[in-house]
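Given the coordinates of chain A, work out where chains B, C, D and E should sit on it, guided by the hints.
Residue numbers (the numbering used here), protein chains in the order written: chain A, 1 to 357; chain B, 1 to 357; chain C, 1 to 357; chain D, 1 to 357; chain E, 1 to 357.
Hints listed in this document are in silico derivations from the structure and should not be mistaken for laboratory results. Every clue listed holds true.
Now the in silico label distances, taken between C-beta atoms and shown as ranges: (1) D200/C x P334/D: 56 to 62 Å; (2) R237/D x P148/C: 48 to 54 Å; (3) P53/E x L236/D: 48 to 54 Å; (4) E266/D x D200/B: 40 to 46 Å.
Pairs of lysine-lysine residues, derived as DSSO-like cross-links and limited to a Cα-Cα distance of at most 30 Å, are as follows: (5) K354/A x K210/C; (6) K6/E x K155/C; (7) K352/E x K210/D; (8) K164/E x K43/E; (9) K43/C x K75/C; (10) K354/E x K210/D; (11) K43/D x K155/D; (12) K352/C x K210/E; (13) K352/B x K352/A; (14) K352/B x K354/C; (15) K27/C x K6/C; (16) K27/A x K43/A; (17) K43/E x K75/E; (18) K204/D x K354/C.
What the simulated footprint calls covered on chain E by chain C, stretch by stretch (three residues with Cβ under 8 Å from a Cβ of chain C suffice, anywhere in the stretch; the number is not a length): (19) 6 to 15; (20) 220 to 228; (21) 276 to 282; (22) 291 to 305.
For every residue, glycine included, the Cβ atom is placed at its ideal position computed from N, Cα and C.
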Amino acid sequence: MDYFNKTYHPPGTAPGTLTSSGDAEEKLSIHLVDYTSEAYQEKALTAPDECLPYLDRESITWIHLQGNAQVGTLKNIGNVFGLHPLALEDIVNQGQRPKIDEFDEQLFLILTMPLIRDGTPDIEQVSLFLGENYVISFHSGEHDPFGPLRLRLQKKSGRIRQQKADYLLYCLLDLIIDQGFPVLEEISVEIETLEGEMLDLNAKQSTLSKVHEIRRELLLLRRNLWPQREAINDLLRSENPLVHESTLIYLRDCYDHSAHILELIENYREMAASLIDLYLSSSNHRLSEIMRVLTMIATIFIPLTFVAGLYGMNFSHPNSPWAMPELHWYYGYPLILGVMIAIVIGMVIYFKRKNWI
Amino acid sequence: MDYFNKTYHPPGTAPGTLTSSGDAEEKLSIHLVDYTSEAYQEKALTAPDECLPYLDRESITWIHLQGNAQVGTLKNIGNVFGLHPLALEDIVNQGQRPKIDEFDEQLFLILTMPLIRDGTPDIEQVSLFLGENYVISFHSGEHDPFGPLRLRLQKKSGRIRQQKADYLLYCLLDLIIDQGFPVLEEISVEIETLEGEMLDLNAKQSTLSKVHEIRRELLLLRRNLWPQREAINDLLRSENPLVHESTLIYLRDCYDHSAHILELIENYREMAASLIDLYLSSSNHRLSEIMRVLTMIATIFIPLTFVAGLYGMNFSHPNSPWAMPELHWYYGYPLILGVMIAIVIGMVIYFKRKNWI
Amino acid sequence: MDYFNKTYHPPGTAPGTLTSSGDAEEKLSIHLVDYTSEAYQEKALTAPDECLPYLDRESITWIHLQGNAQVGTLKNIGNVFGLHPLALEDIVNQGQRPKIDEFDEQLFLILTMPLIRDGTPDIEQVSLFLGENYVISFHSGEHDPFGPLRLRLQKKSGRIRQQKADYLLYCLLDLIIDQGFPVLEEISVEIETLEGEMLDLNAKQSTLSKVHEIRRELLLLRRNLWPQREAINDLLRSENPLVHESTLIYLRDCYDHSAHILELIENYREMAASLIDLYLSSSNHRLSEIMRVLTMIATIFIPLTFVAGLYGMNFSHPNSPWAMPELHWYYGYPLILGVMIAIVIGMVIYFKRKNWI
Amino acid sequence: MDYFNKTYHPPGTAPGTLTSSGDAEEKLSIHLVDYTSEAYQEKALTAPDECLPYLDRESITWIHLQGNAQVGTLKNIGNVFGLHPLALEDIVNQGQRPKIDEFDEQLFLILTMPLIRDGTPDIEQVSLFLGENYVISFHSGEHDPFGPLRLRLQKKSGRIRQQKADYLLYCLLDLIIDQGFPVLEEISVEIETLEGEMLDLNAKQSTLSKVHEIRRELLLLRRNLWPQREAINDLLRSENPLVHESTLIYLRDCYDHSAHILELIENYREMAASLIDLYLSSSNHRLSEIMRVLTMIATIFIPLTFVAGLYGMNFSHPNSPWAMPELHWYYGYPLILGVMIAIVIGMVIYFKRKNWI
Amino acid sequence: MDYFNKTYHPPGTAPGTLTSSGDAEEKLSIHLVDYTSEAYQEKALTAPDECLPYLDRESITWIHLQGNAQVGTLKNIGNVFGLHPLALEDIVNQGQRPKIDEFDEQLFLILTMPLIRDGTPDIEQVSLFLGENYVISFHSGEHDPFGPLRLRLQKKSGRIRQQKADYLLYCLLDLIIDQGFPVLEEISVEIETLEGEMLDLNAKQSTLSKVHEIRRELLLLRRNLWPQREAINDLLRSENPLVHESTLIYLRDCYDHSAHILELIENYREMAASLIDLYLSSSNHRLSEIMRVLTMIATIFIPLTFVAGLYGMNFSHPNSPWAMPELHWYYGYPLILGVMIAIVIGMVIYFKRKNWI
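Only chain A is shown next, with the shape it has when bound in the complex (with noise of 0.2 Å):
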């Protein structure tokens, strides 16, 4: 995940302008589902203007466009739905922050799917148009994400072909957000194995980085989901007729698992910031006791060295009775062993005393 991934126009750019991302060729596919409580139609288009004779039925007609477009078919897909420029530039310059906007007869929103690539945590921008009796959905990534969604709609399942487009958009959303459970149980697992490791005294260098890269992915979900749940509340609050009452409740649950995931990431970003603590004062402990075994050796043995490097000296003096006597002493040598064992017992006491034993 990088930390600027927002595709922007070099600024004084007219609103609304259009450059599709990169030379990349076009990839768009563009997939149609109708329903009514009784009916179901699934149909692939190849150009936008198919879907007209869908927009005007009674029925409720979903069209979901997966992959990158040129500027000539996002033109002519704004005209065919009726897009406001700014809503179509921010689809197609990807790494918006999610909103909601409110047009006359549309509601706009942006989302950010969370998702595992490559196992490592990531985001994807979802862009969502509500009409009267329509949704339109665009996805750039690779994978078609409503998979799940279609096949419902197909078996009929649960109450979904009996309600209205919001109901729809509201499947939509429940699916994006809740894509945020298993990326947080993933997250959670790192941190629990992270936390072992250190609590074991193993923490490696890697250890420290991994520590690193997950407060990296939480910051940068958090900075993604939190404006998500800001819009899932605006929406909640807009009172705009295209989302019925008998939607709100179902909504107020998406509202809810937002909440959830964003707390989840906060305790997360606390318990990374916790293992930072562990480790430095786990490290500082460590150095503490290796430092007091060297300073005991090193202050033990040190001045007897020096003891016994004296009496290595070879001063000698035919005649002179300052030239080391003590060597020629007939206790000489277990006096200086006797000095020695009393500046070992003097500093094992000391260390007694300071508590270091």
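For chains B, C, D and E alone, kept in the frame of chain A given last:
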């Protein structure tokens, strides 16, 4: 207490889908209490439908479901009590965020009850429905926590038998929330023990692990109890006709306890963080102490040892006047001892000036 | 001051249950003051019911209950003054969170009064009831804190005798809140002493413990005084008919003092945290200093000592030209001294370049 | 970017006092653009009064003043455009806090435009007046930032020529705010470089300085852009008749970008703090590693060296049996070697048990 | 600047009690200014009652009281101007929290004026009363801060003489608040100096003390200026008839400056905290560097010294083949030199692999 304790369906599952938690066999006991100010009846039921005759009466009916239920039973329960599918899903999927939902003729509450399990704090979910004259409670843990309440009902103690179903709800709430006090008292005792160990400079690696664990427990408690306080606040402000004016003063007391518990949690979290600070600075202090001793001993004796080593060299040349003539001076040895004492005095003066002694 | 100072009943106890605090014998003194702008009467009562004739009069009656009461006496008090069972329970269960409850004809306040006990800050609970023309105050500590107020009433000093019962309540509030100032002044003196010790590099282990203790005290003061400020704010906004317009300006002054005290607490908390930072960085600085000296001495003398040791070896072979011929060179010794001096010079240059000297 | 970049008059100066910034000579260029949906006119003016004929027309007039003005010119400008003295003072005293002021027939905005100057982020003040059919913009930097906008006006690209003056204001706002994206992209690149250096354990002193500098830059950006977001929010909610309903959706987009930029800044600040944590813990880890090696080598060899030194002593006495008899034992040398090997083995076992090897 | 600077009465003192600050003798100067747009009069008064004739006139009267007053004089002042006893108490008890109180015909403000005293920031209290056509100001410091304002009044500079008393109040407010800018500029200079010292690795113990002192000063400034901003905000929203519509735009400018100052304080606080982080990590870096050098030197030479010491031992036995036969080998010495070189090479390879060289 796990980092991630929410049970969730794969994203895209229809809302209200029920799956029994794991392949565990059904272990559900249904306990009915029915009372007016005069009469009191207690009964263990075998099937949910046996409640039906009680629900319609004027008397207050409290049905408590304890344990795990299979999908079939769950759906049956939902039908009998007219529960909303989303609520039913939340009851089954343990690890929900506390909340309050207002349905047409019911009030639905998810609460988390703190408790001490095997010496460490944990959380269990309790779900409550309040209807016109009944309360339904769900709890999937091993022990039925509501025994004391049933006793009060039997004994007619307090005003509980004179009151409506909302007062029974308050009593349940009060019992659940107040479980927080013994849990926090337990934690406060642990913090004081750890504080004592640190102030006595007895901190071991295990002390650090325990501080980390307490931070983790407090974080998880906060995550679960914070939305609970908000839910009770929502209940206070909801002006739902199911909750009577006269019960509000009691619910405000509940809110107060909830707030008190959260303030204690916040307090303990800051104390735990302060303990880490205390540990880091004490251990720094100790390390400085150790290093100071090592440095003093080493800087005094290393030069001395060098001097001793110097005159332990075996340079000799029959005629050379340069072959360590000092060794053969008349006062060579006392001179060199004098040099050594001078070095020691110099070092001590240096340390004094550096304020190390 | 304890981490956990709330008295609570086992969860599930009926609300309003009274249990006398511990098995301590009853030590309750009831003190009645009754006054109008002209008359003043003070009386020690033996039983709560003796108050009854005073409550109905036009005069302002202030009943102060000091000490512990047995259950029987408590219930009696509750009946005499018509106190709500929940309020009565809060009075008995010390360690409540400050709050204000509005009952039908009474206003009930729980307050916490900071004080210095045995040199450390502590908290005591004071409970107050305000009625039409009476105030009832409860305090279970040893010393009656309201002596100065009674003196003012006797002496007719200030406007207190001309005012209603709400002004008496204000006077009590003011006295309780202002106890915070001497407590905080005491703490500020302690912080300045600790700051001085740290800046003079005189920090001992006990300095750290004291900083930790002050953080703990401030945290606990904040926990108790924060909700008190909110309670007074609620009182200001309550528009309760028992509190007259003219008293509001005085209560606003109370609120102001309360806010001032909390701001001081916050300030002192941050200063204490900054002291820890200061300690950590000074001790780091000191450790660096120590290590620098050790390293310089050691890195200079260790190679020298090796060289000296080298030529202290006893290799000898009658004919071998390889058996330490240097020892027998004419200029061997001055040469080796030269090598040693070269090593010292090299090291000093290295340290200079590293900016260590 | 300076810590303190506000220009201010000595306290007590009359509000609206004008002093030209420094003794710099006047370098002011006045650029006028006048357009309707059909006509377009661009003109460099020499004196402010030349604008007057344009202000009264139906066409939209945009006057841009670039550079420093002398006091006389400033007063002249104020008179010509009817600017409030306080606003005029704020234009001159660079380093103002972003804000919006509503005057009788004008809307006055102070904005801060982030930019990269000499490789580091900086801030420049832009001041805008919106009138019924004119916009006046002030910018004192070297480069006129509004070139792209003038081009769009010339080329009639987008809807800008069909709209009122408030849409022109939006275009200016949009350009100013969007300058934040390239600045933050630049910073994100720097953070990633630093992160890489730290994770590769290549952190040098300069890495730390750069992290500090980035924190400083982010702090200063936040200080300047936070009130800007609030100002735009105030503009959205002001219901000022100068801002038409149809422009609000565009201004909301501006607000969104502003919020996005602030969230990025917050994110980067936390990442920078996390980098410091990462550095501290890695460097702790590394220090531990180093000390462990030192301690092992030292604690193994120091006792050995002592033993060797011991038997390098020269005690000798012709007849004394105490004069280091070990030296003359038949197996003395191998025995002492054995003792040394035993010491080494003992140490290694000790280290293994301490988990150091 | 002291931690605790509030003067307070012993708790329980009657509200409005006046005690002159200390036993200092009275040093009060009363300065009257009376003006209309045409006339201007300035006069030093000896007694408060001399103001009375001016208060009733149409002209604007500004009375400034500078210095300490005795109780008698204070009461006199209170009577003359009709000041509320609580306000009078706040004027006397220096160290109040900034606030605004609305009395019947007066507006009472307590403000804190930052200033630099003896090179360090400090705070002085200014109290203001606004009446229909008069302003009374109190300041107990040594220097009268309002000289520049009186000069403007004399000189008729700006619009001040045309305006009402509320504009005079604004001018006083503006002067008091703007004193914050030079104070903060001074602090910013100090922070930049400290930052420079740290980045140049020149940090001494005194650098750390200064950072701590700046944090303390900023904390105390914030504590005093935060409620001041709130007070001005209250004034803006109060809709008090004493403050006219036309003055509000000026007061909003005051609020803006107040907010700007607080944002600068917050910024500087974070920069100071970041400096501590920078110091800690640099000093860690430096310590690591030092230890690395020590460890390399020590681990290379300690084994060598041991080997040298080994062959300095004096084992000898006339016939034993075990008595250090190496010493008498033909190639003994070059062999042992070879072993030493091998040890050095081994160590260097080890350090290379550990990435220490």
